[in-house]
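S.K.: Chains as they are written, first to last, in the working numbering: chain A, 1 to 157; chain B, 1001 to 1157; chain C, 2001 to 2083; chain D, 3001 to 3083.
Careful: at least some of the hints might be erroneous.
Mimicking DSBU-like on lysine-lysine, the simulated pairs with C-alpha atoms at most 30 angstroms apart in a straight line are [stated by the list, open to error]:
id : chain 1 : residue 1 : chain 2 : residue 2
1  : A       : K16       : B       : K1108
2  : C       : K2027     : B       : K1127
3  : D       : K3054     : A       : K141
4  : A       : K141      : A       : K74
5  : A       : K155      : A       : K12
6  : B       : K1154     : A       : K108
7  : B       : K1127     : C       : K2054
8  : A       : K12       : D       : K3010
9  : B       : K1140     : C       : K2045
10 : A       : K140      : D       : K3015
A few chain B residues that don't get close to chain C, going by computed Cβ distances all over 10 angstroms [as the list claims (entries may be wrong)]:
id : residue
11 : I1006
12 : I1007
13 : K1012
14 : D1019
15 : G1040
16 : E1047
17 : L1052
18 : E1078
19 : S1097
20 : D1098
21 : K1108
22 : T1126
23 : Y1138
24 : R1139
25 : N1146
The hints are simulated quantities; they were obtained by calculation from the structure and are not laboratory data. Quick reminder that beta carbons are idealized off the backbone N, C-alpha and C, glycines included.
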Amino acid sequence: MEKKPIIPVRIKIQNKDFDVSEETNILRGNQTGAIVNFVGVVRGFDERNNNLIDSMTLEHYSGMTELEIEKIVKQSYERWSITGVTVIHRVGKLLPSDQIVFVGVSAKHRQNAFDSCNFIMDWLKTKAPFWKVEENNYRKKWVDYNLSDDEATKKWV
Amino acid sequence: MEKKPIIPVRIKIQNKDFDVSEETNILRGNQTGAIVNFVGVVRGFDERNNNLIDSMTLEHYSGMTELEIEKIVKQSYERWSITGVTVIHRVGKLLPSDQIVFVGVSAKHRQNAFDSCNFIMDWLKTKAPFWKVEENNYRKKWVDYNLSDDEATKKWV
Amino acid sequence: MVIKYFSWIKEHIGKSEELIELPDNVKNISELINYLNNLNDDYKKVFIKKDLIKIAVNKTYCSFETKISNNDEIAFFPPVTGG
Amino acid sequence: MVIKYFSWIKEHIGKSEELIELPDNVKNISELINYLNNLNDDYKKVFIKKDLIKIAVNKTYCSFETKISNNDEIAFFPPVTGG
Chain A
1 MEKKPIIPVR IKIQNKDFDV SEETNILRGN QTGAIVNFVG VVRGFDERNN
51 NLIDSMTLEH YSGMTELEIE KIVKQSYERW SITGVTVIHR VGKLLPSDQI
101 VFVGVSAKHR QNAFDSCNFI MDWLKTKAPF WKVEENNYRK KWVDYNLSDD
151 EATKKWV
Chain B
1001 MEKKPIIPVR IKIQNKDFDV SEETNILRGN QTGAIVNFVG VVRGFDERNN
1051 NLIDSMTLEH YSGMTELEIE KIVKQSYERW SITGVTVIHR VGKLLPSDQI
1101 VFVGVSAKHR QNAFDSCNFI MDWLKTKAPF WKVEENNYRK KWVDYNLSDD
1151 EATKKWV
Chain C
2001 MVIKYFSWIK EHIGKSEELI ELPDNVKNIS ELINYLNNLN DDYKKVFIKK
2051 DLIKIAVNKT YCSFETKISN NDEIAFFPPV TGG
Chain D
3001 MVIKYFSWIK EHIGKSEELI ELPDNVKNIS ELINYLNNLN DDYKKVFIKK
3051 DLIKIAVNKT YCSFETKISN NDEIAFFPPV TGG
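Turn these sequences into a full structure, and let the hints guide you.
M.R.: Set out below in structure tokens:
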């Protein structure tokens, strides 16, 4: 069996914003024909509970978060032929329309980049230990987990 | 039946490069939770024919290109709940690792953004009238179309 | 009628565009191709590769049977390779 | 043993982390929860919501039956909501 080449993987948990162009440039290269980026954005309205959101604070379990994301990236790498992965997740206080998460995957062929990026996001949503609390003038509410996120992972089984 | 809201759609054919951050920022907004970007990159090696690529020139059928991309975006919009689409395709001379194409889709929910972006790329590959010619010191070769691109569209039928 | 050619078809025919007056007996794309083939061998060498030829009438994909008139813009090109 | 709490569990219990000496008769997570429940009602109010509790031992997901020792780092948290 052909051994897969080692690929560059970057995983960052940070408060500061990220630059999608910079991240895309890092993923570009001679062997790469396709890059798929996912960017999660803070919404200004909680549709399930009909609440305005003024801000959101993200908490995480330092150490375990990185380990869980590494596991997900490794599974993705074993499943698809890809040339690089970057995952950046912000923590701390964020405002509506702020960027929360970046998942970028490069590959020779586009479908591998699409599937791998989609896979990483689906599992990150259900496995990586982050918790959001949404705030407005009247209340502070820990976001309920979404059953549809568990459903989403079933397409990869 | 609920009428779908009109969404912002930007389609550009241009020689100059694009900035993925700028494009992502345009797609961000209060109603958007997810953005999926596809970026196509010029490869430095033609694996099918075992040739180095020094440069590539993209030709297109002005007018028809825009119409075909509009049709694809419209189909995508009818099929998924999305909040914005940007398609930028470069033409003229490009070098290895240059960006060729950007497809960005925003949506409330991530799977719609993933599927819509993937759909637009698959159909753009088989319908939008662009042609690539690859150049190196010894030869100039019009790129053969790829049967796997036709195959890729079948998943949407 | 305007006829446009792209990619290697343009190079084989030696022009990217030409204006022709559509003869009365040419009613569809197949007949147009027959007409062009009779003009010179450059056309023949291109149109023999029927499977590799895509056609558009007024910037919309069409087939060999599509009806045409003298006001139409026709385009012949190979399968697309963008993206 | 270090025990960490996150999100609303942290708020209900009133601390993000605590150090306890694991009693000899506590061998797995279920027994640890029983032990904590007997300390005060804050724990009981949290651990009654068994379906909403995820557990990690040494930063790896585990189950109520997972064996534990005094050197382990345990974490209790709700289903994750990042991304």
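S.K.: Next step is simple, just say for each hint if it's right about the structure.
M.R.: Results for each hint:
| no. | hint | in the structure |
| --- | --- | --- |
| 1 | A/K16 x B/K1108 | holds, 23 angstroms |
| 2 | C/K2027 x B/K1127 | holds, 26 angstroms |
| 3 | D/K3054 x A/K141 | holds, 19 angstroms |
| 4 | A/K141 x A/K74 | violated, 33 angstroms |
| 5 | A/K155 x A/K12 | holds, 27 angstroms |
| 6 | B/K1154 x A/K108 | holds, 21 angstroms |
| 7 | B/K1127 x C/K2054 | holds, 10 angstroms |
| 8 | A/K12 x D/K3010 | holds, 24 angstroms |
| 9 | B/K1140 x C/K2045 | holds, 20 angstroms |
| 10 | A/K140 x D/K3015 | holds, 18 angstroms |
| 11 | I1006 | holds, 24 angstroms |
| 12 | I1007 | holds, 22 angstroms |
| 13 | K1012 | holds, 14 angstroms |
| 14 | D1019 | holds, 19 angstroms |
| 15 | G1040 | violated, 6 angstroms |
| 16 | E1047 | holds, 15 angstroms |
| 17 | L1052 | holds, 18 angstroms |
| 18 | E1078 | holds, 19 angstroms |
| 19 | S1097 | holds, 16 angstroms |
| 20 | D1098 | holds, 14 angstroms |
| 21 | K1108 | holds, 27 angstroms |
| 22 | T1126 | violated, 7 angstroms |
| 23 | Y1138 | holds, 18 angstroms |
| 24 | R1139 | holds, 13 angstroms |
| 25 | N1146 | violated, 8 angstroms |
Hint compliance for this structure: hints 4, 15, 22 and 25 are broken, all remaining hints hold.
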